[in-house]
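Engineer: Chains as they are written, first to last, in my numbering: chain E, 45 to 520; chain V, 7 to 486.
Each hint should be verified, as a subset may be incorrect.
Which stretches of chain V does chain E cover? Using the computed rule of at least three CB atoms under 8 Å from a CB of chain E, they are [said to hold, decoys possible]:
(1) 44-53
(2) 410-418
For lysine-lysine, the following DSS-like pairs were computed, each having C-alpha atoms within a straight-line distance of at most 25 Å [what the hints assert, rightly or not]:
(3) V:Lys433 - V:Lys185
(4) V:Lys433 - E:Lys52
(5) V:Lys433 - V:Lys447
(6) E:Lys90 - E:Lys419
(7) E:Lys59 - V:Lys433
(8) E:Lys90 - E:Lys54
(9) E:Lys348 - E:Lys379
(10) V:Lys185 - V:Lys53
(11) E:Lys419 - E:Lys283
(12) V:Lys74 - V:Lys53
(13) V:Lys432 - E:Lys59
(14) V:Lys185 - E:Lys59
(15) V:Lys81 - V:Lys155
(16) E:Lys301 - E:Lys229
(17) E:Lys379 - E:Lys229
(18) E:Lys90 - E:Lys100
(19) V:Lys359 - V:Lys287
(20) E:Lys59 - V:Lys309
(21) E:Lys446 - E:Lys487
(22) V:Lys447 - E:Lys52
(23) V:Lys152 - V:Lys74
(24) E:Lys54 - V:Lys152
(25) V:Lys355 - V:Lys287
(26) E:Lys54 - V:Lys447
(27) V:Lys309 - V:Lys78
(28) E:Lys322 - E:Lys283
(29) E:Lys52 - V:Lys432
These are calculated hints, taken from the structure and not from any lab test.
From the three backbone atoms N, C-alpha and C, an ideal C-beta is built for every residue, glycine too.
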Amino acid sequence: MNMNLERKMKNEESKRFSELLLVSSFAILMVVGLILGFIIALRPQKSEMEKRELTKFPSFSAAEFADGEYTSGIGTWYADTYPGREMFIQAAQGLKLLYGIQRDAVQNVGNGDDIPDIPVIPTEPVPSSSETKTPSSEAPTETEPETSTETEPSTEPPQTTEPETIDGNEIAKMNPQEAGDVNVKDLAGYCVYGFNLSAADRYCEAVASLQSLLADRNVQFYEIMVPNNSAILLDDATKQAWSLSDERKVIQYYYGKTRSLAPAVHTVDVFDTLLAHKNEYVYFRTDHHWTQLGAYYAYQEFCKAAGFTANPISAYASDVSPTFLGSYVNTNGYKQLEANPDSITYYYPLSTNDIRFWDEEQNTFRNGKAIRNLKDYHPRYGYMGYIYGDHAISYMNNPTLKNGRRCLVVKESFGNCFVPFLIDHYEEVVIVDYRYTSDRIVKAALEENVTDVVFLSNLEAVSDNSVMNVLYDRCR
Amino acid sequence: MVFSSLIFIFAFLTLQLIVYYLVKSISARNVILLVFSLIFYAWGGPKYLILLLLESFISWLTAREIGKTGLKAMKRRWLILDVVLLLGLLAVFKYTGFFLNNLKFIIHWPEQVPSIILPIGISFYTFQLISYVADVYRGRVGAQPKYWKVLLYSSLFHQCIAGPIVRYETVAEEIDHRKIELSDVAAGIRRFAVGLAKKAILANGVAVVADTLLPTDMTAAVQASGPALWLGMFAYMLQIYLDFSAYSDMAIGMGRMVGFHYLENFDYPYTAWSVQGFWRKWHISLSTFFRDYVYIPLGGNRKGFGRTVLNLFIVWFLTGMWHGASWNYILWGLYFFVFLLIERLFLGKLLDKHPVTRAIGHAYALFVVFIGWVLFRFTDLGVGFEVIKGLFGAHAGANALPAGSQLLNNLFFLIFATVAVFPVGKKLHEALQNAADVTDKNWFRMAIRIGSAILPAILLALSVLALVGNSYNPFLYFQF
Numbered sequence: 045m046n047m048n049l050e051r052k053m054k055n056e057e058s059k060r061f062s063e064l065l066l067v068s069s070f071a072i073l074m075v076v077g078l079i080l081g082f083i084i085a086l087r088p089q090k091s092e093m094e095k096r097e098l099t100k101f102p103s104f105s106a107a108e109f110a111d112g113e114y115t116s117g118i119g120t121w122y123a124d125t126y127p128g129r130e131m132f133i134q135a136a137q138g139l140k141l142l143y144g145i146q147r148d149a150v151q152n153v154g155n156g157d158d159i160p161d162i163p164v165i166p167t168e169p170v171p172s173s174s175e176t177k178t179p180s181s182e183a184p185t186e187t188e189p190e191t192s193t194e195t196e197p198s199t200e201p202p203q204t205t206e207p208e209t210i211d212g213n214e215i216a217k218m219n220p221q222e223a224g225d226v227n228v229k230d231l232a233g234y235c236v237y238g239f240n241l242s243a244a245d246r247y248c249e250a251v252a253s254l255q256s257l258l259a260d261r262n263v264q265f266y267e268i269m270v271p272n273n274s275a276i277l278l279d280d281a282t283k284q285a286w287s288l289s290d291e292r293k294v295i296q297y298y299y300g301k302t303r304s305l306a307p308a309v310h311t312v313d314v315f316d317t318l319l320a321h322k323n324e325y326v327y328f329r330t331d332h333h334w335t336q337l338g339a340y341y342a343y344q345e346f347c348k349a350a351g352f353t354a355n356p357i358s359a360y361a362s363d364v365s366p367t368f369l370g371s372y373v374n375t376n377g378y379k380q381l382e383a384n385p386d387s388i389t390y391y392y393p394l395s396t397n398d399i400r401f402w403d404e405e406q407n408t409f410r411n412g413k414a415i416r417n418l419k420d421y422h423p424r425y426g427y428m429g430y431i432y433g434d435h436a437i438s439y440m441n442n443p444t445l446k447n448g449r450r451c452l453v454v455k456e457s458f459g460n461c462f463v464p465f466l467i468d469h470y471e472e473v474v475i476v477d478y479r480y481t482s483d484r485i486v487k488a489a490l491e492e493n494v495t496d497v498v499f500l501s502n503l504e505a506v507s508d509n510s511v512m513n514v515l516y517d518r519c520r
Numbered sequence: 007m008v009f010s011s012l013i014f015i016f017a018f019l020t021l022q023l024i025v026y027y028l029v030k031s032i033s034a035r036n037v038i039l040l041v042f043s044l045i046f047y048a049w050g051g052p053k054y055l056i057l058l059l060l061e062s063f064i065s066w067l068t069a070r071e072i073g074k075t076g077l078k079a080m081k082r083r084w085l086i087l088d089v090v091l092l093l094g095l096l097a098v099f100k101y102t103g104f105f106l107n108n109l110k111f112i113i114h115w116p117e118q119v120p121s122i123i124l125p126i127g128i129s130f131y132t133f134q135l136i137s138y139v140a141d142v143y144r145g146r147v148g149a150q151p152k153y154w155k156v157l158l159y160s161s162l163f164h165q166c167i168a169g170p171i172v173r174y175e176t177v178a179e180e181i182d183h184r185k186i187e188l189s190d191v192a193a194g195i196r197r198f199a200v201g202l203a204k205k206a207i208l209a210n211g212v213a214v215v216a217d218t219l220l221p222t223d224m225t226a227a228v229q230a231s232g233p234a235l236w237l238g239m240f241a242y243m244l245q246i247y248l249d250f251s252a253y254s255d256m257a258i259g260m261g262r263m264v265g266f267h268y269l270e271n272f273d274y275p276y277t278a279w280s281v282q283g284f285w286r287k288w289h290i291s292l293s294t295f296f297r298d299y300v301y302i303p304l305g306g307n308r309k310g311f312g313r314t315v316l317n318l319f320i321v322w323f324l325t326g327m328w329h330g331a332s333w334n335y336i337l338w339g340l341y342f343f344v345f346l347l348i349e350r351l352f353l354g355k356l357l358d359k360h361p362v363t364r365a366i367g368h369a370y371a372l373f374v375v376f377i378g379w380v381l382f383r384f385t386d387l388g389v390g391f392e393v394i395k396g397l398f399g400a401h402a403g404a405n406a407l408p409a410g411s412q413l414l415n416n417l418f419f420l421i422f423a424t425v426a427v428f429p430v431g432k433k434l435h436e437a438l439q440n441a442a443d444v445t446d447k448n449w450f451r452m453a454i455r456i457g458s459a460i461l462p463a464i465l466l467a468l469s470v471l472a473l474v475g476n477s478y479n480p481f482l483y484f485q486f
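Can you make the complete structure from the sequences, with help from the hints?
Structural biologist: See the structure below:
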């Protein structure tokens with residue numbers, strides 16, 4: 045009886061205690077949240093992670109107030125700039141890794157257009173290779189290039205200046221088209237590519253259009269279509285299961301179509317080259333780009349077509365940034381890929397590392413280094429180490445060479461790690477990103493009196509109709 | 007402002023509770039609740055506040071006149087006036103576009119259908135006010151003499167915009183006489199935290215699965231694979247319950263924190279073994295509204311079989327229409343009318359015979375409800391029918407890999423969300439509390455008490471994580 049009563053009292057006490065603890069713990073959390081929310085100084089202004097400016101406090105207008113837009117703007121601002129937001133997001137993403145088994149993720153299938161067969165027009169002879177000896181090609185042996193893992197110690201410090209700070213706008217412009225579909229297999233991301241016939245035709249028309257504008261100047265045109273990582277690295281069964289378009293056939297279509305419109309354009313096949321090196325580190329796992337090693341193999345093929353002797357990869361000084369987490373993690377949100385990060389290797393050009401580029405933010409040209417090792421920055425920036433990312437127009441001038449050849453490269457971001465290889469063979473390389481420039485591209489070609497034009501594009505990057513309309517417009 | 011937003015939780019609700027607990031008199035507390043409610047409502051667009059003030063005024067006035075007069079005919083006239091005005095306003099703001107679009111389809115007039123914005127919560131507060139005036143008319147409650155108290159009832163931010171549809175009689179007493187015990191506050195917080203987590207973590211999470219897999223237009227619909235549609239609709243079935251019941255949980259919880267006891271709105275509807283059972287457990291405040299204010303006044307089942315069928319038809323037509331101004335909702339309501347009729351005729355009795363028949367009934371009810379959600383989800387009927395075709399194997403050639411991947415990627419989460427629609431958590435909580443009541447071991451008792459005490463704070467923290475981490479935060483029921 046006594047025991048019972050004692051237990052009952054203890055139980056009542058414990059209940060009361062439990063209620064007090066419940067109310068006070070919850071109340072403390074809410075008050076902390078309230079106070080934190082009012083400390084304006086703690087609120088972040090931009091998100092490094094999402095590469096965007098965060099919502100601003102709305103400006104008042106009577107009309108917007110009346111229909112609730114003003115207050116809804118305050119709500120968005122309140123949540124979007126809540127102190128510690130990035131930390132919360134990181135934690136939330138971390139929790140989501142527990143939702144299931146996420147080693148593979150197939151969120152999309154390709155389902156591209158049918159690829160028409162196109163007659164192959166015989167290739168024109170390679171332009172006569174003249175005195176195109178490059179500064180360091182004393183031993184132009186076609187030895188097997190070494191793999192990227194074998195990094196040579198940097199013989200010379202190629203960077204005399206500190207890398208400039210990466211501001212938010214540079215970040216924002218890193219990947220303007222990266223919203224492409226991505227699947228994950230064995231903790232690596234792959235582009236889910238579906239062929240888009242009308243965009244492909246538009247692309248080829250753009251190349252042909254620019255070529256016709258320069259036809260009377262004997263400018264050599266080169267077209268390089270870069271396949272996606274999925275086409276090179278995935279096995280056939282997976283490609284089929286994901287309903288991916290056959291990129292070898294797609295590239296054949298691009299080349300056939302271009303040459304049917306402009307027979308003088310030289311097409312450079314890099315598909316089989318990349319395929320032959322698929323066991324090397326030619327594509328990233330966490331980013332949609334190719335590695336600079338992948339770009340190097342494309343450069344070798346380009347040299348064959350353009351009559352240059354490619355420099356062996358061992359000739360370049362190189363640097364490694366050990367961790368790179370690209371767009372698949374940061375934009376597509378595949379947090380699980382953080383468990384399988386990339387490294388990123390930078391190869392310095394032999395002749396010069398100087399670049400002058402148009403800075404869209406400051407509306408001025410800036411001088412900098414074409415290759416920068418960004419290992420001291422957040423791992424997400426790695427690919428920005430190549431020519432400062434994407435800009436309307438950039439120039440590289442080679443002080444050590446006089447061969448009369450000047451090259452214009454029309455590119456999207458896949459070109460960024462490719463163009464530094466070219467400068468050793470030209471007096472000047474002009475780089476135009478057609479998504480940023482508002483000028484006609486022919487203008488730059490005439491101004492710089494170029495002898496060569498290279499169109500280098502990744503298939504996914506040129507599969508959007510509206511972007512291709514922009515390209516076509518710039519090429520008129 | 008939605009409940010599942012940071013500004014509501016940390017700025018609005020916290021401030022409201024602090025101010026509320028600081029003052030002691032009930033009338034001051036009512037003023038505080040009213041002021042906060044009006045701010046809450048005005049947050050979604052102050053111009054719509056006029057409508058809420060007006061409808062409350064009409065209802066206050068007509069109810070007062072009903073209370074004053076002794077003449078039945080006069081009472082009736084005031085009631086009709088209120089109902090006509092309120093339903094008229096609802097029709098103008100909610101159904102004009104729908105009506106004119108149909109007219110345009112049939113007689114090609116008018117050429118331009120004006121787009122009228124649906125004021126937030128109008129479906130809910132209109133029904134609350136009608137129930138109030140009708141209850142005064144029927145003598146179930148006395149008329150509230152003060153306008154601002156009627157406004158407090160209709161605008162109370164707990165339920166004004168997303169339900170439950172609280173009857174005036176439920177809170178009439180508590181408006182003027184309520185006291186707050188610690189146990190009430192604790193229970194209210196627990197309920198609110200559970201609702202918040204249900205919405206922010208579970209409902210928003212399964213919504214991502216549903217949105218990933220379900221088509222949004224005809225082009226996508228014909229390409230959707232069977233497994234994708236099944237899994238997507240399954241996720242949607244979880245989502246719609248978790249989402250909607252979460253709002254009711256939060257409303258009931260917040261009410262309890264300040265001393266109001268609202269009635270339950272959901273009773274684990276996916277445990278029902280008949281369609282009728284489902285509707286007794288789903289959005290209870292709406293189905294009882296239609297029962298008490300439409301079905302029974304029309305004569306219910308007391309006027310012969312033919313009339314009963316007609317009454318049921320009217321009720322389910324209106325139920326469908328209440329959910330949205332679109333044919334798919336009406337079809338959805340009538341779809342349930344058919345099954346309810348069949349159950350009334352013979353199936354109900356058959357299913358009730360034996361535990362085995364009830365188990366069969368459970369599968370049958372879930373299946374009927376599942377297909378019902380297809381009609382509900384796709385406002386474009388063509389897409390809805392294409393989805394139903396796809397569910398039953400019409401899209402055999404479509405790639406089913408994304409569905410399999412979604413399942414694996416979210417496997418543990420989906421299992422957890424599925425368990426959450428059944429009363430497992432509730433039973434577990436009760437069992438642990440009972441164990442703590444009878445145990446002799448102090449440490450065991452304290453462990454359970456402490457665990458259950460800090461759970462709401464943990465749920466709040468996790469919900470905030472999920473809300474910040476997930477910008478995806480739509481609320482399904484805003485359009486109703």
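Engineer: For lysine 433 of chain V and lysine 185 of chain V, compute the direct alpha-carbon distance and say whether it is at most 25 Å.
Structural biologist: With Cα atoms ~29 Å apart, lysine 433 of chain V and lysine 185 of chain V exceed 25 Å; violated.
Engineer: Given the hinted pair lysine 54 of chain E and lysine 447 of chain V, is their Cα-Cα distance within 25 Å?
Structural biologist: Between lysine 54 of chain E and lysine 447 of chain V the Cα gap is close to 11 Å, so the pair holds against 25 Å.
Engineer: Are lysine 185 of chain V and lysine 53 of chain V close enough, with their CA atoms no more than 25 Å apart?
Structural biologist: Between lysine 185 of chain V and lysine 53 of chain V the Cα gap is close to 35 Å, so the pair fails against 25 Å, i.e. violated.
Engineer: Compare the distance between the alpha carbons of lysine 59 of chain E and lysine 309 of chain V with 25 Å, and conclude whether the hinted pair is satisfied.
Structural biologist: violated (53 Å)
Engineer: Is the hinted pair lysine 433 of chain V and lysine 52 of chain E satisfied, with a Cα-Cα distance of at most 25 Å?
Structural biologist: holds (23 Å)
Engineer: Holds or violated: are the alpha carbons of lysine 348 of chain E and lysine 379 of chain E at most 25 Å from each other?
Structural biologist: violated (41 Å)
Engineer: Verify the proposed pairing of lysine 90 of chain E with lysine 54 of chain E, using a straight-line Cα cut of 25 Å.
Structural biologist: It is violated: about 53 Å lies between the C-alpha atoms, which goes past 25 Å.
Engineer: For the pair we were handed, lysine 81 of chain V and lysine 155 of chain V, check the Cα-Cα distance against 25 Å.
Structural biologist: Given pair lysine 81 of chain V, lysine 155 of chain V holds - Cα atoms ~21 Å apart, limit 25 Å.
Engineer: Given the proposed pairing of lysine 355 of chain V with lysine 287 of chain V, does the C-alpha separation stay at or below 25 Å?
Structural biologist: Holds, because 19 Å separates the two Cα atoms, which is no more than 25 Å.
Engineer: With a cut-off of 25 Å on the C-alpha distance, tell me whether lysine 446 of chain E and lysine 487 of chain E pass.
Structural biologist: Holds: lysine 446 of chain E and lysine 487 of chain E sit about 23 Å apart, inside 25 Å.
Engineer: Just to make sure I understand the rule, a stretch counts as covered if three or more of its residues have a C-beta closer than 8 Å to a C-beta of the chain. Does the region 44-53 of chain V meet that for chain E?
Structural biologist: holds (count 6)
Engineer: Would the hint linking lysine 185 of chain V and lysine 59 of chain E be met if the CA-CA limit is 25 Å?
Structural biologist: holds (20 Å)
Violation of the numbered hints given earlier is confined to hints 3, 8, 9, 10, 11, 12, 16, 20, 24; the remaining hints are satisfied by the structure.
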